[in-house]
Amino acid sequence: MLLKKKISIWYFINLIKSQLLLISMFAVAIGILDLLPAFQKISLPLTIPALVGTAVSLLLAFRISQSYERWWEARTVWGAIVNDSRSLIRQITQALPSGSEAIIREFAQRQIIWNYALGESLRKLPFSDRVQDYLIDHRIEAANIPNALLDEHSLQLKQLADKGLISEFRLIQLNETLARLCDSMGKCERIKNTVFPRSYSILVHSLIYVFAAILPFGFDDSQLSLLIIEIGITILIPTLFIAIEKTAIIMQDPFENTPVDTPMTSLAQTIEINLREMTGEQNVPQKKRNPLYYEM
Numbered sequence: 001m002l003l004k005k006k007i008s009i010w011y012f013i014n015l016i017k018s019q020l021l022l023i024s025m026f027a028v029a030i031g032i033l034d035l036l037p038a039f040q041k042i043s044l045p046l047t048i049p050a051l052v053g054t055a056v057s058l059l060l061a062f063r064i065s066q067s068y069e070r071w072w073e074a075r076t077v078w079g080a081i082v083n084d085s086r087s088l089i090r091q092i093t094q095a096l097p098s099g100s101e102a103i104i105r106e107f108a109q110r111q112i113i114w115n116y117a118l119g120e121s122l123r124k125l126p127f128s129d130r131v132q133d134y135l136i137d138h139r140i141e142a143a144n145i146p147n148a149l150l151d152e153h154s155l156q157l158k159q160l161a162d163k164g165l166i167s168e169f170r171l172i173q174l175n176e177t178l179a180r181l182c183d184s185m186g187k188c189e190r191i192k193n194t195v196f197p198r199s200y201s202i203l204v205h206s207l208i209y210v211f212a213a214i215l216p217f218g219f220d221d222s223q224l225s226l227l228i229i230e231i232g233i234t235i236l237i238p239t240l241f242i243a244i245e246k247t248a249i250i251m252q253d254p255f256e257n258t259p260v261d262t263p264m265t266s267l268a269q270t271i272e273i274n275l276r277e278m279t280g281e282q283n284v285p286q287k288k289r290n291p292l293y294y295e296m
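The sequence shown: position 105 = 105 (our numbering), numbered continuously.
Think of the hints as simulated: they come from the structure by calculation, not from any bench. Here the structure is a predicted model, which means the values were calculated and not measured. One or more hints might be untrue.
[Claimed, not checked] Computed cross-link-like contacts, BS3-like style, restricted to lysine-lysine with a CA-CA straight-line distance of at most 30 angstroms:
1. K158 / K187
2. K17 / K187
3. K246 / K192
4. K124 / K246
5. K124 / K17
6. K124 / K192
7. K158 / K17
8. K124 / K187
9. K246 / K187
Produce the entire structure from the sequences given, and follow the hints as far as they go.
Here is the structure:
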C-alpha cells in the first residue's frame, strides 16, 4: 500500500514507459510531418478530439471508481480480520479457566500463522519458512492451508468443550468469530478470483490511442511555436489518460504483490504483535520503521 510519503515518480513512469515512448514518438513524427506542405492541409475540427477525450474521461472515471471499490473492499476485509483475530484470543482467554496459558498461546500462534498463510496464498507466493515449519511440525497438509488452520481451531475448541473447559455459550461465541474469519477469507478469495472484464480494458486503451492519433490534427500548427505546443499537448494528455488507466488496472487486483497491494504482511505483523502481547509475552519486538514509500 502506498504511504503518505514522497512517492518515487519513477515508479509511475516505469508503469507506462512503453506507452509513453510510443506516444512521444508518434507526437514528434506528426510534428515533423506537419512541417511538410502536404500535411499542413490536413485538419480536423477540435470538437472531434474533444468528444473522444470526453468519452475517454467518462470511461476512465467509471473504471477508476470500480477499481478503487475493489481495493477498498479488500482493505476493509483485512480490517475485519485484524479485529476478529484480536477478538478470538480475547474470547478464548475469557472462556478458559485459570492456568490455561499454554492453550491460549497455541491458539494465538495458530492464528498468527493463519494471517501470514492467507496473505501469502492470496499473492500466490511460496509459504515463508515460519509458515512451512509450523505446517510440518503440526502435520497440516491441505489444498487450502488457511481453511485447514481454521479447521484446527474448530477441532480444538470442540475438544475443549467436550472436556468441559469451555461452556456452551462461550463455544457459540467462538464459533461465530471463526465463521467471521472464514467469511473474510472467502471475500478475499472472491476478489482474487474475480477477473475484471478484459474487453473493457481493451476498449478504454483503444480509445486513448484513437484520441492520441486525432488530437494533433485539431490544432493550428502554422507557426513553429504552435507546433511545439501541439507536440507537448499530444504527449501530455494521452500520457495522463494512460497513467490513470494503469492505476486503475493495478488497483483492481489488490493481492498481486505490488506496491499498491493491501498491506497484508504489515497487517499480519501488527496482529502478531497484538496477540503475543495479549498472551502475556514480554519484550515483544515492535514493527520496524518503513523507509519505503509503500508497505506490503
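Violations among the numbered hints, reported as their numbers in ascending order: 2, 7
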